[in-house]
Amino acid sequence: MPATDDGGPPDTGAVTEPARRAVAAVWRIESARIVGALARYTGDFALAEDVAQEALAEALVAWSRDGAPANPVGWLLTAARRRAIDAFRRRAALDERYALLAAQLTEGAAAPGADRPDELPWDPDRIDDDVLALVFTACHPVLSPEARVALTLRVVSGLSSEEIARAFLVPVPTVQARITRAKKTVAAARVPFELPPAEERRARLGAVLSVLYVVFTEGSTATAGEDLLRPDLAHEALRLARTLTALLPGEPEPHGLLALFELTAARFPARTGPDGEAVLLEDQDRTRWDRSAVRRGLAALGRATSAGRGLGPYGLQAAIAACHAVAPSAAETDWERIVLLYEALGRIAPSPVVELNRAVAVAMASGPAEALAIVDDLLAADRLPGSHLLPGVRGELLTRLGRTAEARTELELAARLCRNARERAVLLRKAAALG
Numbered sequence: 012m013p014a015t016d017d018g019g020p021p022d023t024g025a026v027t028e029p030a031r032r033a034v035a036a037v038w039r040i041e042s043a044r045i046v047g048a049l050a051r052y053t054g055d056f057a058l059a060e061d062v063a064q065e066a067l068a069e070a071l072v073a074w075s076r077d078g079a080p081a082n083p084v085g086w087l088l089t090a091a092r093r094r095a096i097d098a099f100r101r102r103a104a105l106d107e108r109y110a111l112l113a114a115q116l117t118e119g120a121a122a123p124g125a126d127r128p129d130e131l132p133w134d135p136d137r138i139d140d141d142v143l144a145l146v147f148t149a150c151h152p153v154l155s156p157e158a159r160v161a162l163t164l165r166v167v168s169g170l171s172s173e174e175i176a177r178a179f180l181v182p183v184p185t186v187q188a189r190i191t192r193a194k195k196t197v198a199a200a201r202v203p204f205e206l207p208p209a210e211e212r213r214a215r216l217g218a219v220l221s222v223l224y225v226v227f228t229e230g231s232t233a234t235a236g237e238d239l240l241r242p243d244l245a246h247e248a249l250r251l252a253r254t255l256t257a258l259l260p261g262e263p264e265p266h267g268l269l270a271l272f273e274l275t276a277a278r279f280p281a282r283t284g285p286d287g288e289a290v291l292l293e294d295q296d297r298t299r300w301d302r303s304a305v306r307r308g309l310a311a312l313g314r315a316t317s318a319g320r321g322l323g324p325y326g327l328q329a330a331i332a333a334c335h336a337v338a339p340s341a342a343e344t345d346w347e348r349i350v351l352l353y354e355a356l357g358r359i360a361p362s363p364v365v366e367l368n369r370a371v372a373v374a375m376a377s378g379p380a381e382a383l384a385i386v387d388d389l390l391a392a393d394r395l396p397g398s399h400l401l402p403g404v405r406g407e408l409l410t411r412l413g414r415t416a417e418a419r420t421e422l423e424l425a426a427r428l429c430r431n432a433r434e435r436a437v438l439l440r441k442a443a444a445l446g
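The opening residue of the sequence shown carries number 12 in the numbering used here; numbering runs sequentially from there.
Source of the hints: derived by calculation from the structure; they are not laboratory data.
What follows is a set of in silico ranges between Cβ atoms, one per label pair, in the way DEER data are often shown:
| no. | residue 1 | residue 2 | range |
| --- | --- | --- | --- |
| 1 | His246 | Ile359 | 24 to 34 Å |
| 2 | Ala318 | Gly78 | 42 to 52 Å |
| 3 | Asp387 | Arg32 | 50 to 60 Å |
The beta carbon of each residue, even a glycine, is placed where N, CA and C say it ideally should be.
Using the sequences and the hints, build the whole thing.
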C-alpha cells in the first residue's frame with residue numbers, strides 16, 4: 012500500500028476498502044510514471060515524490076466519498092500538481108526562481124478530480140524517458156548502496172516504508188531515515204532529473220543494475236529470518252529488470268541481468284518443501300521448475316549475447332544459470348563449462364564468493380580434493396570473515412573426502428554463523444547426519 016513518510020496514509024474513518032484497493036492498484040502500476048512526470052514537471056525530485064504521496068492521501072478520502080474517477084492517473088497528477096504549486100508559493104518569498112515557476116504552473120491548472128487526459132503533465136512520447144531518468148536518479152552514485160535500494164523501491168516500485176522494512180528485516184524508522192537522507196543528498200548534490208549523457212550512461216548503468224541485483228538476491232535467498240525465499244521482493248526486481256531492458260534495448264548487460272533473474276526464479280517452485288524447508292539443488296524436482304521462465308531467460312541471454320560485446324558479469328552468471336536450467340539432473344550438468352564460466356567471471360568481477368562458487372563447480376567436475384585447496388586458500392587469506400558460506404562449503408567437501416569429524420565441525424560453525432533459519436536447519440541436519 013502506498014504510504015506517506017510517516018508510514019501510511021492518514022488514519023480516517025472516511026476511507027473505504029474499495030478506495031484503498033483502487034489507490035494501491037494505481038500506485039503499484041503507475042508510480043514510476045507519476046513520480047517521473049512530476050519530477051520533470053517541477054524540476055525537484057524530492058518534491059515530486061512528496062506531493063505524489065500527498066495526492067495519494069487525498070485520493071483515499073475523495074475516492075471513498077465520490078468513487079474512483081474514470082482517469083485515476085490524471086486525478087492523482089492534477090492533485091499532486093496543485094500541491095506542488097502550493098509548495099512553490101510557500102517558497103516564493105525565499106526563491107525568485109520558484110516564484111516564477113509557480114506562476115507558470117498555475118496557468119491552466121485544473122481542479123482535482125478533472126478527468127481530462129490532456130491535463131497529464133507529460134508528453135506521451137517522453138514517458139519512457141521519465142521512468143528511465145527516475146531510475147538513474149534513484150541509483151545515483153552520490154547515494155550509498157543502501158540508500159539507492161531504499162529509494163528505488165520507494166519511488167520506482169512504489170513500495171511503502173513498511174514493505175521495504177519487512178523485505179530487508181530492518182526497522183521502519185531505519186528505512187524512512189535512509190529515504191529522507193537520500194532525498195536530501197540528491198538535493199544537496201544538485202543531481203539533475205535527467206538521463207545521463209550518452210557518454211556517461213553505460214558507466215552509470217552499473218549502479219542501476221547493482222541495485223536490482225541486490226534486491227533480487229535478497230528475494231531469492233534471504234540473508235536472515237524464517238523464510239528461505241521472499242518471492243515478492245524477487246519478482247519486483249524482475250519486473251524492474253524487464254522495464255529496464257524495454258527502455259534500453261540495445262544494452263546487453265540489462266538483458267543478461269534479466270536472464271539471470273528469470274532462470275533463477277524458474278527454480279523457486281522447487282526450492283522449498285511443503286513446510287517451507289529448503290530443498291537443495293540436487294534434490295529438487297525439476298518438473299516443478301517454471302519452464303516458461305526458463306524460455307524467457309534463455310531468450311534474454313540470447314539477446315545479451317547477440318550484441319557482440321561479450322557477456323558481462325550478469326550475463327556470465329546467467330550463462331551459469333542456463334547450464335543448470337537445461338540439465339536433466341545435477342549429475343548430468345555441464346560442470347566443466349560452469350568452471351570455465353566462473354573463471355571468466357572471476358577475471359572481470361573478482362570476488363571471494365565467485366571463487367567459492369568456482370570451488371563448488373570444480374568439486375563436481377574434478378573432485379573434492381582440488382576444490383578443497385581453493386577453499387583453504389580463501390580461508391588462509393580470510394576472504395570471507397563471518398560468513399557461513401565458506402565453512403558450509405568446506406564441510407561439504409570434507410564430508411565427500413571422508414573426514415567426517417572435521418566436516419561436522421565446519422557445518423556446525425556454518426550453522427552458528429547463518430542468520431537464515433531455513434539454511435541453518437539444512438546445515439544442522441547435515442552435521443547431525445555425520446554424528
